[in-house]
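A.B. asks: In order, the protein sequence lines correspond to chains D and W.
Take the first sequence: its position 241, counting from 1, is numbered 241 in the working numbering, and each next residue is one higher.
So the number in the working numbering is just where the residue sits in the second sequence, counting from 1, plus 1000.
Hints in this document: simulated from the structure, not taken from any laboratory.
Note that this is a predicted model, so its numbers are computed, not measured.
Every residue, glycine too, gets a C-beta built ideally from N, C-alpha and C.
Please note that the accuracy of each hint is not assured.
Straight-line distance between alpha carbons at most 30 Å, and here's what the computed DSS-like set of lysine-lysine pairs gives [stated by the list, open to error]:
#1 D:94 x W:1012
#2 W:1262 x D:226
#3 D:282 x D:200
#4 W:1102 x D:3
#5 W:1012 x D:99
#6 W:1262 x D:282
Counterexamples of contact, computed for chain W against chain D with all Cβ distances above 12 Å [unchecked claim]:
#7 1049
#8 1050
#9 1054
#10 1063
#11 1188
#12 1220
#13 1221
Incomplete in silico selection of chain D near chain W, CB under 7 Å [stated by the list, open to error]:
#14 12
#15 14
#16 19
#17 105
#18 123
#19 273
#20 277
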Amino acid sequence: MKKSKVYPWYFALGALVIYTVLYVLPGIIGIGYSFTDWSSYSTELHFVGLKNFKTIFSADENYLKFIGNTLLFTVVTTALKTVLALVLALALSKNIKCKNFHRGVMYMPSVLSILIVGLVFTSILNPKNGLLNGALEAIGLESLTQKWLTNPKIAFWSVMGVDVWRGTGYIMTILIVGILSISTTYYEAASIDGATGWNKFLHITLPLLRPTLAVTIVLNVLYGLKVFDIIYVLTNGGPGHTTEVMYTAVFKQFSQGMYAIGTSISSVMFIFMVIIGFFMIKILTGEEVEE
Amino acid sequence: MAGKKRIQIILKNVLAWLVSLIMLIPLALIVINAFKPDEEAMTLTLALPVNWTLANFSVVIEKGKLLMSFFNSMLYSLGATALTVLFASMAAYLMSRRNDSKFFRAIYMYLVLGIVIPINYVALMKVMQVTHLNNNRLGIILLYTALQLPFMIFLIYGFVAKVPREMDEAAVMDGCGPLRLYFSIILPLLKPAVISASVLCFLNTWNEFIMPLYFLNSTTKWPMPLAVYNFFGQYSRSWNLICADILLTCLPVIIIYIACQKYIVGGQTAGAVKG
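Excised from the complex, chain D in its bound form:
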């Protein structure tokens, strides 16, 4: 049986052509355009060298702050989602009533459109008549009421909070599958040896869950670095750029016709992600784990 005949190369043709032309090619020609003054105001292109990159990495501009915001968003949401999801996964994996109901409800936000989640939260977080401030007043905690999305000191944390609301259930679901795949014999043996619940968690669950945790962290980091929707809907980068991240900045440059800066920011991301992406893919495809 000749492999090249039974499994001919053209089976991958459709995927390769579409993916290469519409996904990889823009990334590569985008790098080329980063060295030009491409914009919607002129049909001519001029080579400008590293000017765009100098602008992005200049201390006089805001771009470094947007990069910082993107990283802050990634670190904070990844940490919160991981910790909360782990606590919930431990609570919901075994010995609890209505577990399918709880799991179904908690997973649901991640199948809804982010845009719609954002719209509903713009109302909930409205300082005048939103549900959150209303609830805080009702239980006598007026001092905690905030202008959640318009106070520059708070807005970014509100956005991250909404994102954690949306994304924790998904991570929890993955962790539950991971916890349930741990053989019960380990726990039985530990019980015979008189191990407490905390000890079992520390010495059985956590080490055996490590590969799954690594995958969820990679997924969260990937999501965080590319975040756009939730910020676009809730604050659109405001107030005063305090919630601006790389992709909202790219979109703004794009809508103003400043293509060169937009493509340069994207290219910085592209190169960075291709380099770290290789390791992330290794974690995702499980090549680091001996099987």
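Dock chain W against chain D, hints included.
C.D. replies: Chain W only, in chain D's frame:
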């Protein structure tokens, strides 16, 4: 010891109900307010409607041009799902069967690297213009296909390895060509992975709105989420209408979620957990 265990169980239940409640409140808000008349829905509250009404739905279907955007969303979601699943499964099958070759392993790596690398939307617009796909329905379908191929290939690839190669050999002995072998023997065996991939593809496409934001200028081509967003801009004080609009947009998603929960969770967690 028994007492401590009981407290633990109570705490677990309290936590679970509390979190479920926090998850449900925004959804309850949408459902409740979608049935309120104008004067009751100046703000979003959890109070039940005094006078229930269904009028909001007909208003938004008409004013929000929902039928048009529903048709668009269906077209994009079904089109992208069909193309993605077809091309992803064929590619995954080929690369899994020939994973003894360095060349095909490299191709696999190249394709799944797309899970990680970000899209350059600005330069993508240039590609779309040159290929005449900008502001074009087929263009959006192809974009969604490109966007989802990497993850779907990854998802199906893991599954192909479980289909025994002896099947292929037997079929080839009987004179089966590669395409017939694939479509009449392999594809039916990949059914669980194909269903998971299809459901996920459909939902992802239905919910996505960045692509139309960049690449569809004419409102008549907009899918539902973008139509909702536009509607929100025009009627930002009529929360009853916005909620009715949101509810209609989410309805297909929620129906699919309830009906196919197993496949969605299976698909999204596959590969993430190594048993």
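A.B. asks: Each hint: holds or not?
C.D. replies: Going down the list of hints, with the structure as the test:
1. D:94 x W:1012: Since the Cα atoms of residue 94 of chain D and residue 1012 of chain W sit roughly 10 Å apart, the hinted pair holds (cutoff 30 Å).
2. W:1262 x D:226: Holds. Residue 1262 of chain W to residue 226 of chain D sits at ~28 Å (cutoff 30 Å).
3. D:282 x D:200: holds (29 Å)
4. W:1102 x D:3: Cα-Cα ~14 Å, so holds.
5. W:1012 x D:99: It holds: about 11 Å lies between the C-alpha atoms, which stays within 30 Å.
6. W:1262 x D:282: Roughly 27 Å separates the two Cα atoms, so the pair holds.
7. 1049: The claim stands: residue 1049 of chain W keeps its Cβ more than 12 Å from every Cβ of chain D (closest is about 16 Å).
8. 1050: For residue 1050 of chain W, whose nearest Cβ neighbour in chain D is about 18 Å away, the distance exceeds 12 Å, so it holds.
9. 1054: holds (21 Å)
10. 1063: holds (17 Å)
11. 1188: Given a closest Cβ separation of 17 Å, the condition holds.
12. 1220: holds (19 Å)
13. 1221: holds (17 Å)
14. 12: holds (4 Å)
15. 14: holds (4 Å)
16. 19: Holds, because the Cβ-Cβ distance from residue 19 of chain D to chain W comes to roughly 5 Å (cut-off 7 Å).
17. 105: holds (5 Å)
18. 123: Interface hint status for residue 123 of chain D: holds (4 Å vs cutoff 7 Å).
19. 273: It holds, given that the least Cβ distance between residue 273 of chain D and chain W is near 5 Å, below 7 Å.
20. 277: holds (3 Å)
Figure legend: structure checked against the earlier numbered hints; every hint is met.
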